[in-house]
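Novice: Each chain, written out:
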Amino acid sequence: MRLDTSSRFSDPDAAYRLVVEAHRGLADEESRKLDAALILILANQIGDLTVLREALALSRAAVAPVKEAATS
Amino acid sequence: MAERKPLFQFAYRRSPDQDARESAHHGVVIVGAGPVGLSLAIDLAQRGIAVVLLDNSDRIGEGSRGICYAKRTLEVWDRLGVGDPMVEKGVTWRRGKVFRSSDLLYEFDLLPEGGHKRPAFINLPQYHVENLLVGRAAALPGIDLRWRNEVVDIVAHPDGADLRIETPDGPYGLRADWVIACDGVNSTVRKRLNVEFAGEMFDDQFLIADIKMSAELPTERRFWFDPPFHEGRSALMHRQPDDVWRIDLQLGPHADAEREKRPEIVRARLAAMLGHDEFELEWVSVYRFQCRRIRSFVQGRVVFCGDSAHQVSPFGARGGNSGVQDAENLAWKLALVLSDEAPASLIASYDLERGQAADDNIRHSTRSTDFIAPHSAAEARLRDATLALAPHADFAKRMVNSGRLSTASVYDTPLSTADGDVWGGGVPPGAAMQDAILSKGSENLYLTDIVAPRFTLLFAQAVAAPKLSAPIDLVAIATTQSPCAPLRDAQGQFAARYEATPGCGYLLRPDGYVAARFRDATVEGVEAAFGRARGKG
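Line order of the protein sequences matches chains A and B. Note that the first sequence covers residues 0 to 71 in numbering that gives the first Met the number 0. Note that the second sequence covers residues 0 to 536 in numbering that gives the first Met the number 0.
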């Protein structure tokens with residue numbers, strides 16, 4: 000199995016909205032905890048290390064691209 | 000910046016009703032001659048219903064306000080006889096671009112297929128829309144348009160309402176069987192009747208500016224998240240006719256609105272965006288958006304249409320478009336009720352159907368506004384992650400929400416007859432008709448031009464069409480080259496868009512919505528659906 004990045008929800012806005020609403024009313028620290036719990040739940044649902052590895056690599060590439068290693 | 004002068008001025012004229020000893024009595028009084036009230040008045044007049052149309056002003060043209068008019072609205076205006084001048088005067092567009100910083104995230108095309116008379120959108124300032132509608136209204140008998148007639152009070156009764164109206168000659172009263180409130184977000188009718196207008200207000204403020212400049216830019220909607228010229232916020236740009244451009248800039252929740260409206264501040268922001276200051280300011284305003292509605296659009300004999308009933312943020316162009324479509328939904332029903340061809344309960348379906356449309360518009364508009372202006376740090380992280388993933392992953396691109404643009408709503412309504420046959424596609428009951436090009440001899444015609452604003456059976460010609468005794472127009476279309484029907488589906492668009500097979504029929508309501516469809520259209524089936532669509536089911 001490979002990571003599927005195509006759009007899989009018939010109504011992607013509704014899926015996005017569900018996540019937004021889950022955070023409503025939470026303090027920021029609670030929001031971060033919710034995100035962490037959600038990641039673990041969804042990772043387990045996927046149940047495939049190859050896919051999880053690809054998903055992590057994509058997240059990393061999107062928000063924190065690898066920087067040139069600093070030479071000392 | 001000079002205040003924009005009114006572009007169109009109209010004359011107050013004294014009505015004989017002002018000299019009547021008792022309040023004159025009218026069947027239908029419409030309050031508010033904006034795009035919604037004017038469209039409704041024209042529609043009713045074309046259906047033979049006389050109306051009095053009251054407006055508190057006598058001029059239009061102060062500010063462009065609503066500028067984006069959708070395909071469905073243009074099709075309504077076609078039926079009202081003003082589609083052509085609207086499209087000629089407006090700027091036609093269908094493409095949009097969404098940027099993150101200075102990078103193009105994606106482009107969209109709102110109408111990628113041919114065979115439609117009207118484009119996905121035109122941009123046209125509201126004052127042109129209103130002026131064209133006023134011209135059409137003046138050409139029709141049956142519309143008594145009274146400028147500088149300000150409704151100051153209304154008292155509702157079970158069988159109508161009494162209105163108190165201020166004019167330059169002093170006050171007078173009117174009695175109406177039906178009052179239609181098209182008097183906008185600050186509706187006097189709604190306030191005087193103490194109808195609650197509830198919903199969500201967004202914290203962020205937005206600068207809206209119309210500027211005049213000559214620019215060689217493509218005609219498309221452009222939206223930026225976090226652009227280099229306005230860091231951390233959003234920007235939106237639209238072309239209007241006559242070298243006028245609409246720009247929206249997000250200002251954040253704490254901006255000082257009075258300061259932000261100062262011409263030197265606005266000019267500096269726009270110069271940073273455009274890279275030059277070769278432009279004139281035409282109109283500037285600072286807004287906080289709201290999404291709200293009243294619970295019921297029908298309160299006895301008082302009916303609310305447009306912004307008086309529901310309000311949305313501008314992302315998606317769902318305000319003016321939904322108002323005109325409210326008017327379209329109400330007009331044929333009210334005309335049938337007033338001519339005793341349908342029970343008064345038919346008006347309840349206006350509340351149901353347009354209430355669904357309002358909920359749909361509020362839902363979309365709320366989602367877009369929340370994406371553009373996140374409520375919390377957690378929502379901002381989610382939004383920023385979506386934007387960061389969008390160049391890499393299609394699913395994230397689809398979640399980027401700069402506004403979902405207005406399309407015709409689909410109604411879950413008792414006026415529809417549920418499908419009794421198997422359909423894989425086509426246009427389901429409760430959805431608006433689709434356009435298509437048909438051939439008649441050597442001529443090409445659009446289906447939306449062929450269908451009149453009456454009950455119509457679109458029939459895919461088999462051997463013979465059902466012999467209907469009910470007042471239903473018949474539009475027979477030959478799906479293959481056939482001498483028995485002069486209209487031919489030469490390009491196969493009717494077959495494809497309606498999944499039409501020989502013998503099948505679509506019953507359309509007077510507003511062009513599908514009431515029912517049949518693989519094998521029979522007199523009994525069509526006439527039962529016709530009764531249901533008129534509220535007799």
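Derived by calculation from the structure, the hints in this document are not laboratory data. Any given hint could turn out to be false.
Stated by the list, open to error - Facing chain B, according to a computed beta carbon distance under 8 Å, are these residues of chain A, among others:
1. 6
2. 7
3. 15
4. 22
5. 25
6. 56
7. 60
As the list claims (entries may be wrong) - Computed far set for chain B versus chain A, every beta-carbon distance over 12 Å:
8. 285
9. 295
10. 373
11. 374
12. 426
13. 441
14. 531
Glycine included, every Cβ here is placed at the ideal spot set by N, Cα and C.
Novice: Does the structure break any of the earlier hints, and which numbers would those be?
Specialist: Those not satisfied are hints 6, 10 and 11.
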